[in-house]
Amino acid sequence: MIKQNEGEDDDALIKKYIATGKSDYFEPLVERYEKYAYIYAFSLLNNEFDAQDVVAESFLKAFTKIKQYRLDSSFKNWFLKIVHNTCFDLLRKNKKMVYLDDLENGESLYKDDALCYNNIDALDFGEVQKSLDLLPHELKVVVILRYYYDWEYKTICEFLKIPMGTLSSRLNRACKKLKNYIKEG
Amino acid sequence: MEDLDKMMESLGFNQGSVKSFASGIPFNSRKSDIMKNIRKAGEAASSAKEFQALFFIFSIAFTVLIFRFFVLTEAQNTLLVSLFTGFVINYSEQLLEAFKLLSMLASGVICLGIYALIHHFKNEQTFC
Numbered sequence: 001m002i003k004q005n006e007g008e009d010d011d012a013l014i015k016k017y018i019a020t021g022k023s024d025y026f027e028p029l030v031e032r033y034e035k036y037a038y039i040y041a042f043s044l045l046n047n048e049f050d051a052q053d054v055v056a057e058s059f060l061k062a063f064t065k066i067k068q069y070r071l072d073s074s075f076k077n078w079f080l081k082i083v084h085n086t087c088f089d090l091l092r093k094n095k096k097m098v099y100l101d102d103l104e105n106g107e108s109l110y111k112d113d114a115l116c117y118n119n120i121d122a123l124d125f126g127e128v129q130k131s132l133d134l135l136p137h138e139l140k141v142v143v144i145l146r147y148y149y150d151w152e153y154k155t156i157c158e159f160l161k162i163p164m165g166t167l168s169s170r171l172n173r174a175c176k177k178l179k180n181y182i183k184e185g
Numbered sequence: 001m002e003d004l005d006k007m008m009e010s011l012g013f014n015q016g017s018v019k020s021f022a023s024g025i026p027f028n029s030r031k032s033d034i035m036k037n038i039r040k041a042g043e044a045a046s047s048a049k050e051f052q053a054l055f056f057i058f059s060i061a062f063t064v065l066i067f068r069f070f071v072l073t074e075a076q077n078t079l080l081v082s083l084f085t086g087f088v089i090n091y092s093e094q095l096l097e098a099f100k101l102l103s104m105l106a107s108g109v110i111c112l113g114i115y116a117l118i119h120h121f122k123n124e125q126t127f128c
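Chains A and B, in that order, are what the protein sequence lines are. Numbered per my numbering, the first sequence spans residues 1 to 185. Numbered per my numbering, the second sequence spans residues 1 to 128.
It should be emphasised that the hints constitute simulated quantities derived from the structure, not laboratory data. Wrong hints could be hidden among the right ones.
List time: in silico DSS-like cross-link candidates among lysine-lysine, alpha-carbon distance up to 30 Å [as the list claims (entries may be wrong)]: (1) A:176 to A:61; (2) A:16 to B:19; (3) A:15 to B:40; (4) A:95 to B:100; (5) A:183 to B:19; (6) A:130 to A:176; (7) A:35 to B:100; (8) A:161 to B:40; (9) A:176 to A:65; (10) A:65 to A:154; (11) A:65 to B:100; (12) B:40 to B:19; (13) B:100 to A:81; (14) A:81 to B:6; (15) A:154 to A:67; (16) A:76 to B:40; (17) B:19 to A:130; (18) A:176 to B:6; (19) B:31 to A:93.
Away from chain A, derived, C-beta distances all over 10 Å, residues of chain B [claimed, not checked]: (20) 7; (21) 21; (22) 41; (23) 54; (24) 59; (25) 104.
Sample of chain A residues with no beta-carbon within 12 Å of chain B, all distances over it, derived [claimed, not checked]: (26) 70; (27) 72; (28) 77; (29) 89; (30) 92; (31) 143; (32) 149; (33) 172.
Just so we're clear, the structure is a prediction, and the values are computed from it rather than from any experiment. Beta carbons: idealized from backbone N, C-alpha and C, even for Gly.
Bound conformation, chain B alone:
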């Protein structure tokens, strides 16, 4: 490796010439443009986050609403609704994970069902 460095040095790659080459490269700073783009990207990301939060609140409100009007219509028990709202807010992340898992299971069942149906109808055609 040392030999190689010496070879390159003899080809002209010594510190002085490399430094003068680097300083001779034409350079115009575009810092303001870069920062403008970065700020724009930052604003877009933060507005997306705000929207996500709004969506989260709405989904909780919707769940509570459904629970209140469809499940507890007869009971008229406000304490139970309050407890349920607190539970949903407190365990929202776990509930989200559980819903994701449930939706994955549902997708799996649907796929298997479609496969079974296709298989069934294929056999029906063969024996008709």
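Here chain A stands alone, though its shape is the one from the complex:
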């Protein structure tokens, strides 16, 4: 039965699950999105085991709260939002959450000359990745969604429920901080 479901889209599987109550309809969804969610969780938490636990917990949450999912919207994004919330809950619980401070929220980064991309030499991505881990999580999230997942700005705004101005400010701040971290070496 599972093999028959492999080609079906997410909503069709969810509708079948709601109609029959058979949890087997969830298996193709787990197959499709386990790695997708794991990469996001791992990028945020920087720990293999925490990321695996978060993904498993998120699937269980998605399964139990499936009636809250609006059919014809994107299950992929809805599920990633659950992963996102679970990651942030874990970070808060373990007190590993790095917050943006209020002073930084007010600063204007557009006028910063150091941000001119012409001054930056090509860098090794491994080094950049290490610097990314030092960023506050709110900045890290926008970088991951924009540059790892290649999401449109509008989609990111809808996902994080933030206005375009805030997104642009966060990306600018992330860029500046990354450059500073790399310089400091």
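On the provided structure of chain A, position chain B as indicated by the hints.
Relative to chain A, chain B alone:
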């Protein structure tokens, strides 16, 4: 925004490096564990639903029983009992809502009564 993307690209966030980073992340699938947990949760939910249905049937039976033995003891009218049973089954949802409303009203009356009693006794103490 375009400038920003260019800046990030020059920092190393180009498609090639990001893709190789993503594929380099250590990943071991835990699909079987996840499905095991999901099946367990599904079974728990379905057994709760079955229990709910059983409880519903018992409550209807109990209501009919009470009606039969306490209200219609003298009448001995089986037709009336059958009609009542049919009515309870047919309008069970509406009856449940009505009972909920009644219980809410009763709670409100009890709360007001307690408030009035407290108020009364407070005044009694003051004037004694």
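To see whether the hints hold, each was checked on the structure:
1. Of the supplied pair hints, the one linking residue 176 (chain A) and residue 61 (chain A) is violated, its CA atoms being roughly 36 Å apart against a limit of 30 Å.
2. The straight-line distance between the Cα atoms of residue 16 (chain A) and residue 19 (chain B) is roughly 34 Å, outside the 30 Å bound, and the hint therefore fails.
3. The straight-line distance between the Cα atoms of residue 15 (chain A) and residue 40 (chain B) is roughly 20 Å, inside the 30 Å bound, and the hint therefore holds.
4. Taking the CA atoms of residue 95 (chain A) and residue 100 (chain B), the gap is about 44 Å. The hint is violated against a cut of 30 Å.
5. Restraint check: the Cα-Cα separation between residue 183 (chain A) and residue 19 (chain B) comes to about 24 Å, which is no more than 30 Å; the hinted pair holds.
6. Pair hint residue 130 (chain A) plus residue 176 (chain A) holds up; C-alpha atoms about 15 Å apart against a cutoff of 30 Å.
7. Using a Cα cut-off of 30 Å, the hinted pair residue 35 (chain A) and residue 100 (chain B) is violated, with the two alpha carbons roughly 47 Å apart.
8. At roughly 33 Å between alpha-carbon atoms, residue 161 (chain A) and residue 40 (chain B) are farther apart than 30 Å, so this suggested pair is violated.
9. For the suggested pair residue 176 (chain A) and residue 65 (chain A), the alpha carbons sit about 39 Å apart, so the restraint of at most 30 Å is broken.
10. Taking the CA atoms of residue 65 (chain A) and residue 154 (chain A), the gap is about 26 Å. The hint holds against a cut of 30 Å.
11. For the suggested pair residue 65 (chain A) and residue 100 (chain B), the alpha carbons sit about 26 Å apart, so the restraint of at most 30 Å is met.
12. Restraint check for residue 40 (chain B) and residue 19 (chain B): not satisfied, since their Cα atoms lie roughly 36 Å apart, outside the 30 Å limit.
13. Proposed proximity of residue 100 (chain B) and residue 81 (chain A) is contradicted: the alpha carbons are some 36 Å apart, above 30 Å.
14. A C-alpha spacing of about 27 Å is found between residue 81 (chain A) and residue 6 (chain B), which places the hinted pair at or below 30 Å, so the restraint holds.
15. Distance check on the hinted pair: residue 154 (chain A) and residue 67 (chain A) sit about 26 Å apart at the alpha-carbon level, within 30 Å; holds.
16. A hinted pair counts as satisfied when its Cα atoms are at most 30 Å apart, and residue 76 (chain A) with residue 40 (chain B) qualifies at roughly 23 Å.
17. Between the alpha carbons of residue 19 (chain B) and residue 130 (chain A) the distance comes to roughly 16 Å, so the proposed pair stays at or under 30 Å and holds.
18. Distance restraint check for residue 176 (chain A) and residue 6 (chain B): the Cα-Cα separation of roughly 13 Å lies within the 30 Å cut-off, and the hinted pair is therefore satisfied.
19. A C-alpha spacing of about 26 Å is found between residue 31 (chain B) and residue 93 (chain A), which places the hinted pair at or below 30 Å, so the restraint holds.
20. Look at residue 7 (chain B): its CB is around 4 Å from the nearest CB on chain A, not clear of 10 Å, so calling it non-interface is violated.
21. Non-interface status of residue 21 (chain B) relative to chain A is broken: a Cβ of that chain comes within 10 Å, the nearest being about 6 Å off.
22. Not every CB of chain A lies more than 10 Å from the CB of residue 41 (chain B), the least distance being 6 Å, so the non-interface label is violated.
23. Every C-beta of chain A lies more than 10 Å from that of residue 54 (chain B), the closest at about 17 Å, which supports listing it as non-interface.
24. At the 10 Å boundary, the C-beta of residue 59 (chain B) stays outside the reach of chain A, the nearest C-beta of that chain being 24 Å off.
25. The claim that residue 104 (chain B) is not at the interface with chain A holds, since no C-beta of that chain comes within 10 Å of its own (minimum 26 Å).
26. With a minimum CB-CB distance of about 21 Å to chain B, residue 70 (chain A) clears the 12 Å threshold, and the non-interface call stands.
27. Remark: the non-interface label on residue 72 (chain A) is consistent with the geometry, its nearest Cβ contact in chain B lying 23 Å away (cut-off 12 Å).
28. With a least beta-carbon separation of about 18 Å from chain B, residue 77 (chain A) lies farther than 12 Å from that chain, consistent with its non-interface assignment.
29. For residue 89 (chain A), the non-interface assignment is confirmed: its Cβ lies about 18 Å from the closest Cβ of chain B, beyond the 12 Å cut-off.
30. At the 12 Å boundary, the C-beta of residue 92 (chain A) stays outside the reach of chain B, the nearest C-beta of that chain being 23 Å off.
31. Not every beta carbon of chain B lies more than 12 Å from that of residue 143 (chain A), the smallest distance being close to 8 Å; the non-interface claim is violated.
32. Separation of residue 149 (chain A) from chain B is inadequate, the least Cβ-Cβ distance of about 9 Å not exceeding the 12 Å criterion.
33. Separation of residue 172 (chain A) from chain B is inadequate, the least Cβ-Cβ distance of about 6 Å not exceeding the 12 Å criterion.
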